[in-house]
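K.L.:
From just these sequences and the hints, can you work out the full model?
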Amino acid sequence: VSTQSTGSLCVMSDPSHQVDFLVYGASGYLGQHLVKWLKAKKKNYTTLSTRLQNREQIEKDLDKYKPKYVLCAAGLAGRPNIDWFETNKQEGIRVNVIGALNIVDLCYLKKVHCTFFGTGLLYKYDEKHPLGSGIGYKEDEEPNYGHDGPYYIQLRLVLEKLLQAYPNVLNLR
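72 is the number that the working numbering gives to position 72 of the sequence shown; each next residue is one higher, with no gaps.
In case anyone wonders, no lab produced these hints; they're calculated from the structure.
What you were told as hints is all true, and nothing was included just to trick you.
DSS-like mimics (lysine-lysine), calculated; alpha carbons at most 27 Å apart, straight line:
(1) Lys36 to Lys64
(2) Lys110 to Lys68
(3) Lys124 to Lys138
(4) Lys66 to Lys36
(5) Lys111 to Lys161
What follows is a list of derived Cβ distance ranges for each label pair:
(6) Leu162 to Trp84: 18 to 26 Å
(7) Lys111 to Asn54: 18 to 26 Å
(8) Leu131 to Lys111: 40 to 48 Å
(9) Arg94 to Glu142: 21 to 29 Å
(10) Asp20 to Glu127: 41 to 49 Å
(11) Asn54 to Pro130: 40 to 48 Å
(12) Glu141 to Lys110: 30 to 38 Å
(13) Leu162 to Gly136: 19 to 27 Å
(14) Glu127 to Leu162: 29 to 37 Å
For every residue, glycine included, the Cβ atom is placed at its ideal position computed from N, Cα and C.
P.N.:
Set out below in structure tokens:
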């Protein structure tokens, strides 16, 4: 099932319904902030609640709205926290890996730029990056949480590697 909500500042006079930005995950924490920003900048956008696992509907969305950019802040964070993934591994894979790849891959095939909002939870404080020091990690530094960390992080590490194959993606952590 897919529902759609159009930004109040979105001009939709073109019968093809073309928009500049298509936003997935607009009801989540990051997604709400993205929509606020798009409104403030008076951007032409549409938000959708299509499930990431629904590849066919995502393809229909892309064909209908013909976006220049897709902003994807959708995914599972776990309830009440990331420990949820320890007992829901298959659902975590379906949404946070396969689902994310559905959007990224379809955007690639349709030559649409995709900004993917991932997680910063791939890094932990260490001797080089002590807590409170203000020293951050650089893009080329390998995540140091390790593949023996919580399952949520293991999935994100797998996704990070797979996203590198797509030149149309900006992966934000």
